[in-house]
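Colleague: Now for the letters of each chain:
Protein chains: 2
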Amino acid sequence: MPRSRELTRQRILDAAYLLFRSRGYARVSIGDIAAASTITKRTLYRHFDSKDVILEEVLKAQHRLALAASRTLSHFSDSTDDLVDALFADIVAWSATPRWAGSGFTRLVVELADFPGHPAHAIARKHKAMLEVHVANQLKRLNVASPAERARQIWVLAEGAMVSMLIHRDPAYVEIAADAAKELLLRERRYKRRTS
Amino acid sequence: MPRSRELTRQRILDAAYLLFRSRGYARVSIGDIAAASTITKRTLYRHFDSKDVILEEVLKAQHRLALAASRTLSHFSDSTDDLVDALFADIVAWSATPRWAGSGFTRLVVELADFPGHPAHAIARKHKAMLEVHVANQLKRLNVASPAERARQIWVLAEGAMVSMLIHRDPAYVEIAADAAKELLLRERRYKRRTS
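In the order they appear, the protein sequences are chains U and L.
Residue numbers are given in this note's numbering: position 194 of the first sequence equals residue 178, and the series is strictly consecutive.
Residue numbers are given in this note's numbering: position 94 of the second sequence equals residue 78, and the series is strictly consecutive.
If you are wondering where the hints come from, they were derived from the structure by calculation, not from laboratory data.
Glycine included, each C-beta is placed from N, C-alpha and C at the ideal position.
Hints are supplied without guarantee of correctness; some may be wrong.
[Stated by the list, open to error] Where chain U lies over chain L, by a calculated footprint (3+ residues, C-beta under 8 Å):
no.: 1; segment: -13 to 1
no.: 2; segment: 105 to 117
no.: 3; segment: 133 to 139
Looking at chain U on its own, in the form it has when it is part of the complex:
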């Protein structure tokens, strides 16, 4: 792909990412994306066939970024409490940013719930599964029994905390979710100690 073509393509994807992040999917048109990329719709269509294809590329790029971040993440928690605190403190900090709309992947899945075949679903599923595995690996390293099951429970709590934050705009929901995660992991550790 010639360099200038690739730059235009990237400019479109960057503009689309910002628009989708702030407004979701349905309220962004191809015209909006073209305008934000300062190109004509005609030029945009030379790069992408549809808004769906743009969304797919944007989500894939976000997933790749998150995957790279999770692989190079230098923060390793010393205890399950540290791990839970880091995870839920991130949600509190993130949700305090202006016009926060929760997880972008979750938002798209919710917005496109009546189109289960939309490619956004498969990418979101892959993305969330990756995050779950990342937590499971940390729990394993901390000698938590049933790390995969516990990681899944912690992710369900994290998703619930983010949605509850959007509903109530009250960090108490995130704190109480973190408390629940810590209790569940504490039980598990005690159980493991008893049986080992």
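With the hints as your guide, set chain L onto chain U.
Modeller: Chain L in isolation, oriented as in the chain U frame:
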């Protein structure tokens, strides 16, 4: 209000409810609502000033229905496990219906996240708080310590389970959330027994 006027108004709200439930908010236009109510847009505007006002009325009606249902609910659980099973089994059964899009209130909050002043948020907040109080009352009756805090944790798990169901379309996420809820309540009961 004359009877015929009230009937038309109700027909508009019923049609809007079905459209919002299947497509969310952004992808439904005033024209769609008028067409589904088999009236003209001109007639519709004699009843409602905007799509926002219609949404507000639809949500208020849904909240009133849920409130009435929670007050007359005859099912009282005999144990915390029963209560959790009933709650999460409802999510599994509900999510198996075609084109299920999760909680309608949650979906609107997520879709309108970048409009925090939209009236939908206040109604959703009220609705979710009511559901939380309903669970807290049952936990209190079952002698669970800290019923308000535990009810909140259970609701965070329920919201997380619904979102995870939308992402993964796999009931294992709901089951693992129910297991977490039971464990948290079991701890609490034991704690109470020890200290009482």
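Colleague: A separate judgement is required for each hint: does it hold in the structure or not?
Modeller: Okay, the hints, checked on the actual structure:
Proximity of the segment -13 to 1 of chain L to chain U, defined as three or more residues with a beta carbon under 8 Å from a beta carbon of that chain, is not established by the 0 residues found. Only residues whose beta carbon comes within less than 8 Å of a beta carbon in chain U count, and the segment 105 to 117 of chain L has 5; three or more means the coverage holds. Counting residues of the segment 133 to 139 of chain L whose CB lies closer than 8 Å to any CB of chain U gives 4, so the stated coverage by that chain holds, three being the minimum.
When each numbered hint is compared with the structure, a violation occurs for hint 1 only.
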